[in-house]
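**Q** Turn these sequences into a full structure, and let the hints guide you.
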Amino acid sequence: MKAHKYLKVTILNIFIILGIIFSSAGNSRAVFQKEDDPYPLFFLQKNLTAILINDNISPPAAARDYVYPQLAAYYILSLQVSGKKIYDSIRHFPHIRLGDKEVYSRSLAAAYAFYEVARKIIYTEQPFVDSFPVLLDWYTKKGLTPSLFAPSKKMGEAVAEQIIQWMNGDGFIETRRMNKYVLQTAPGKWQPTAPGYFAAVEPHWGEIRPLFISTMNGLQRFSPKLFDTAVQSKYYQEAKKVYDIASNLTNEQKQIAAFWDCNPFALRTSGHVQQFVKKMSPGAHWLHIAEIACKKKQLGIKEASRVLALTAATIFDAFIQTWGMKYEFSSIRPETFIQQSGMDAGWQPFIQCPPFPEFPSGHAVISSASASVLTNFFGAGFQYTDDTETFFGLPIRNFRSFKEAAAEASISRVYGGIHYPSSCITGERIGEKVAYLILQKTTLKK
Amino acid sequence: MKATGFIFLLCIVFPAFSQQQHQFKNISPDQSAITFVNKLEVNDSKFFDYNDYGNSSGVGVGDFNNDGLTDIFFSGNRVPFKLYLNEGDFHFKDVTSQAGVAGNGNWGTGVSIVDINGDGLLDIYVSHSGNYSFADSNKLCNELFINQGNDAGGVPHFKEMAKTYGLDLPGSQTTQVVFFDYDHDGDLDAFVLNHAKNTYIVLYDAAYFQKNPNKNYANRLLRNDGGHFTDVSRQSGILSSNINFGLGVIVSDINNDGWPDLYCTSDFEERDYLYINQHDGTFKESLASSMGHISNFSMGVDIADINNDGLLDLMTVDMKPPSNYRQKVIATQDNDDKFRNLVKLGFYAQYPRNMLQLNQGIDINGIPHFSEIGQMAGVAATDWSWSPLFADFDNDGWKDLFISCGYANNDNLDVKNRYRTAKELPGQSLPLTSQFFKNREGQGFVNVSNQWKEKEESLSYGAVYADFDNDGALDLVIANINDVPLVLKNTGGGGNYLSIKLNGTGLNRFAIGAKVVVQNAAQQQVQELQPVRGYESSQDYILHFGLGKQTTANIRVTWPDGTVSEIKDQACNRLVELQQVTAAAPAPAEKKPAALYRQINLPEAGTFISKQNDHPDFKYQFTLPYKVSDAGQVVAMGDINGDGLMDYYIGGEAGSEKFFMLGTKEGLFTKFDPGCFEATDDNMSAVITDIDKDGNPDLIIVSRKGSNTQPQVYNKDTIYVSRVYQNTGKGKFLEIPGALSGISSPVRTIAAGDIDKDGDTDIFIGGYTTPMTFGRGGASFVFRNDSKRGKISFTNITANVLPSPYLGMVTSAEWKDMDQDGFPELMIAGEWMSCRLLKNKNGRLSDISKQAGLSKYNGLWSFISAIDVNGDGLLDIVAGNVGLNNPFNADSTHLMKLHLLNVGNDVTQGVPVVSCYYNDNKEYPVYYRDELLAAIQPLRKVFVDYDLYAKTTMPDLIKLSAATEDTLLTCNTLVSGVFLNDGHDHFNFLPFPTRGQESRINAVTQTEINGLVAGGNFFGYRTQFGMEDAMPLILLKNTNRQWEAMDPSVTGLFTTGQVSRLIFYTFNNKERILVFRKNESPQIFESNHP
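Protein sequence lines, in the order shown, are assigned to chains E and L.
The numbers in our numbering rise by one with no breaks, and the one at position 319 of the first sequence is 319.
The numbers in our numbering rise by one with no breaks, and the one at position 959 of the second sequence is 10959.
Keep in mind that a hint or two might mislead.
[Said to hold, decoys possible] Simulated pairs of lysine to any residue, SDA-like, Cα-Cα distance not exceeding 20 angstroms:
1. E/Lys-120 to L/His-10894
2. E/Lys-189 to L/Asp-10205
3. L/Lys-10338 to E/Lys-120
4. E/Lys-240 to L/Lys-10344
5. E/Lys-120 to E/Lys-101
6. L/Lys-10501 to L/Gln-10443
7. L/Lys-10338 to E/Pro-192
8. E/Lys-189 to L/Ala-10584
9. L/Lys-10568 to L/Pro-10593
10. L/Lys-10941 to E/Ile-164
11. L/Lys-10338 to E/Ser-270
12. L/Lys-10344 to E/Glu-207
13. L/Lys-10489 to L/Thr-10035
14. E/Lys-189 to L/Asn-10335
15. L/Lys-10941 to E/Ala-50
16. L/Lys-10344 to E/Lys-120
17. L/Lys-10215 to L/Asn-10198
18. L/Lys-10416 to E/Leu-135
Hints in this document: simulated from the structure, not taken from any laboratory.
Owing to the predicted nature of the structure, the values given are computational and were not obtained by experimental measurement.
**A** Right under this line is the structure:
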């Protein structure tokens, strides 16, 4: 009993002492120097990416997992910024109630908003939750006044709650119980591919509520090449082209194909042993490129948030349009055609074919849409070094512009052997169109 | 040949062995001096580079120095081979270096012990594979150690001579070689089981892989031409595939024609092969005619007569774990599309579990027919398994089963899913306990692993049994990776025994291929002398027979050349030697009694296939245990043209033809289409009955409305229609619109009967379900026939006569007067419910299921009919159920449950979740993690890894998902059987014998002379459960509450596929059975005994 009492007292003393130290530290700095530091956003995005990779989230679903947390953070950070807001152009964006006027840190409130929305949206919460105190610690170390923590948290959570409610109405929940993809037997229709022969993912993603583009307005004119098995046909010749290119890759082409592979879940199998090989999804790759650009341009948190939120929103809408088309046409992958047409029955592409229909190339759409939006903000000649894939054992690549990177991402699918050139070229057109429609509604520059 | 009539026992009696006294005693390496270890680095990259890595090596036994003691030889992958001479009393001596059998140091695999040159000395053949390039093909040479005889110290010396014999096979990736005399020329030929170096992942037409075969990967047949072996694979019909991955081979005269046949397994996508010897130097691959499905990752194989019926049964082992935990941590989901695609491409129906193929008989074309009963027999799941060996380990006259288990790589998904790049992979092995199963006198097996031996986990592969200490009990030696072999001394099961040694002649001195029958008052046992059995291993040349309490037996040996030696009343407990030189010519074969029935060959016009499509039910309701959209073949019987001959209506799906088949004077049927049937109707059920009593039977059909484009999905928007066709008697059928109206929900069955005893037929229509409403049966209907003066009319009297229209998911119904009061009772069968009896009192129905003794048997009932099965003048209720050959494991204390769960939001409502008591008496959801998570999205946040899901019981799952249980249906009875009428509105359930539980029963008919004929099968289960295809037509006879079951070897009633309906009738005073099957043409069997 005595010891216990003593212990209690001691702990209390320690708290008191710590409190004094902290408050005095806070007092001595008086002002939080890092209110405009974009670090918290990058920190959160990186940790979110880690969870999405762990959970094998498919590319379209991953796009959704980024956009709502980014918009939640952006909403708070945009509050005292003048000019048109991104969400002003989102017809169904909720009217956010902010509650009591209290003094809080916008940066921390935004971090909380991101964190709470992301927690709701991801599956494996624990590692993400465990990483958050590291960020709080950063705020403490950088001198955020202790009394601001609670009101910032309250603000962030209030916004998060309303964003989550809005998010829950986007059709995602309903699509979970819609039917799985029913294989079509007609010639030219998609078939599962080696080695996993997985079912086609997200056949109803086209039914998710978009942010800006409410219909396929202006996008209906895009369609795949007419399926034809005749050797002289354009279709066969294009498949032959994929076969010839992807079977005779130069080292540079191989590097490009691997760099832009962006397959969240490739199955490596040999005999009885399987391995899962994971990479960032295409959307994640471009959001991290956006982060690189923000860092290079030394943007403050408000501007960085605007860049990330609009890039994420563009990717989200682009995926919805892409997926709608993918399942409208349900096109066969080149590898299946190459195998079944007798061109080369045992052929395998250089990179693994992800499990969904071919047309259009999602990566081409997402890359060109992202590049268009980023170019609009950072300019046409923005040079940067992409080191995002080093974690996966891939080298860095230098680009003279976002457009150059997007073009490379697009052609990488032909090198990889998983898309027809025409589906990549059309994909680039679709991406540009999506970006154009979005930028029309919301210009990135203030 | 008759399967004995055992009444099926619901409880299994475990043999009483105390924990301390294991029947098998572990002999330590200190005592045995057997210290061989097959050392192997356990590392993922090794497996990636070479797919046979981790498949280990074999063992072979034989008396190499002819001292009467069985010696042991081990091959190894990277380590020198070892030869141990038996010095008695489980002490062995390593004589490898004197004997000169250490091998060439390359990758040794299977062992075959054979006297290849007929000098009476056993030689050793070791197969080789390994990860060598083609430039290194000299390292891929098999070795043949020819026994040169003993030195002065009694140690045999060997000389490696594979090349001299043409048996070195440079470059080949060989798993095992088996020696046998396939052409009956007196010398031993060789079958070489090879495997591809790496697996192929592109799924393409199976035939494609056979076009330009790599002979180093493909299996080969080598003919012995005077001591040199010639490759005759192509001309002898041996299939060659580049994706062949041979892991097991066995020779057996599986069709009892005196010529050796072959079965070889193949791991991965390529299927196993069954080669039937054509007696002319060629083989015919006939797996598809013989087996409904096979193991997917087939490893070792054994063939033996497990039920002492004289027919040889077969077992392949695979990798399905027995525990719920392991099942759930290694599988993500059911890939139904992939399974169907593989079948379509010619790879056959393959499921990853052990298969026990019970031989049902050999048809008139010499093709054996097997029923796969592994699940029912209790041997389907033993995790990673290599060597199945059937032998009588307890000397009771019934062959028990040993299976070696373990793998040098762990397949746990959580390990694989960790956030990392491909390079950082831990090396992990999966040690397991090898398994013993005791034969329950031919009625299945019971796992006695823990009773028979100490629990010990190892990576066990090749294994051999032999009586090493000559004490009359079979001992075991099991080879391990990275550990000394397990040496198990059998302390005896207590029964008597006979050991039999065969001395052959000429170049087959050890009489490979001889067949021995040991018979006495208790039983008749058969064994073939084929040492290569199990996995990469060679068993002893001395055959061992347990005799139980019997002290004598007659021995009959049929030598490879067909001559016969016999010993009458041989006294037990000794080694008996028989000599081929004194054998006699066989007595002229007794004329086999003709089968009870023979199949009538139908002319072209009588054969048709009413094509039925696969419905994508699982794509809509992810957790359905089975498809509910398939109605099977819809048929209705009746004489529609009044010529005294039976006709029938053939129903069909939307888009397929519907027509009559009219009986002809020749006893056949001819097609007749009155042109009135709706193309877009999807028939559910039909009945022919004379509604208007004009003497011309009319037709009623209930259907769903479909479209001509398939596949079709049926949901709440589906329209149901019933049509009444009035027979004008002039070959015309007029549809009477609106005669039966108001059917708006899913229905499945029609039954006609005169409910009110007014002389006309009234109609019951049973409600069923759709995928989206599974678990909630639709309404049933009763219509009273109010037809007058040729005007057909019905009145819906459901509300007046049925206690409730919601009777459950009704599958089958019949009106029969059970209590002989002139008013017919209504009997109903259905799924997740009991059979129900609605007693008819003056036209009003009351449910007496409970007092009748039916309500306590909840099943997945698929068929019901009133038949007096025991001739006591009272109608009994014959009821078909799913049987026991499935993974469901339900009984009165272990319920299988169907929960309809509501989780979280409005979207996840009424999700059907099936749970079973899979093991440890705990109730688990049946699904793999990713499937259940797809169906109940909120669970994705709960089960973030496979480990937690695998540990979660059903009650915990409901708690963790905060689900509310909308409905709970249960099932405690899987067996089919008869409810015997005691004459007081009460029935006693008598299940069919074991043979009647091999599959779902969809139809039963009563013949006049022979008893009941039952047929069934059902392919609509989740891929994870597999298809129920084990049911041929079984003849069942009931006398004094005992069943006698006769399989097709006696009855001649061979069939395949899903039987929907059986019709018994007579033609020209001969019994006939008409068999309707889904997607296959009908069959007619006629009695051979008028």
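**Q** Between the alpha carbons of L/Lys-10941 and E/Ile-164, is the straight-line distance 20 angstroms or under?
**A** Roughly 16 angstroms separates the two Cα atoms, so the pair holds.
**Q** Would the hint linking E/Lys-120 and E/Lys-101 be met if the CA-CA limit is 20 angstroms?
**A** The given pair, whose Cα atoms are some 26 angstroms apart, is violated under the 20 angstroms limit.
**Q** Taking 20 angstroms as the top limit, are the C-alpha atoms of L/Lys-10344 and E/Lys-120 close enough?
**A** Not OK: L/Lys-10344 and E/Lys-120 at ~43 angstroms, beyond 20 angstroms, violated.
**Q** If you draw a straight line from the CA of L/Lys-10338 to the CA of E/Lys-120, is it 20 angstroms or shorter?
**A** Not satisfied, since the Cα-Cα distance of roughly 34 angstroms exceeds 20 angstroms.
**Q** Can the restraint linking E/Lys-240 and L/Lys-10344 be considered satisfied, given a maximum Cα separation of 20 angstroms?
**A** 27 angstroms, violated
**Q** Hint check: L/Lys-10501 vs L/Gln-10443, CA-CA at most 20 angstroms. Holds or violated?
**A** Not OK: L/Lys-10501 and L/Gln-10443 at ~30 angstroms, beyond 20 angstroms, violated.
**Q** Can the restraint linking L/Lys-10416 and E/Leu-135 be considered satisfied, given a maximum Cα separation of 20 angstroms?
**A** Status violated; Cα separation ~30 angstroms.
**Q** Would the pair L/Lys-10568 and L/Pro-10593 pass a check requiring their Cα atoms to be no farther apart than 20 angstroms?
**A** Distance ~25 angstroms between L/Lys-10568 and L/Pro-10593 Cα, so the pair is violated.
**Q** Take the C-alpha atoms of L/Lys-10941 and E/Ala-50, compute the straight-line distance between them, and say whether it is at most 20 angstroms.
**A** 16 angstroms, holds
**Q** Do the alpha carbons of E/Lys-189 and L/Asp-10205 lie within 20 angstroms of each other, as the hint requires?
**A** Judged against 20 angstroms, a Cα distance of about 18 angstroms means the pair holds.
**Q** Below or equal to 20 angstroms on CA atoms is what counts here, so check L/Lys-10338 against E/Ser-270.
**A** Within the cut-off at roughly 18 angstroms; holds.
**Q** Decide if the proposed pair is consistent with the structure: L/Lys-10338 and E/Pro-192, CA atoms, cutoff 20 angstroms inclusive.
**A** With Cα atoms ~8 angstroms apart, L/Lys-10338 and E/Pro-192 stay inside 20 angstroms; holds.
In terms of the numbered hints stated before, the structure departs from hints 1, 3, 4, 5, 6, 8, 9, 12, 16 and 18, listed from lowest to highest.
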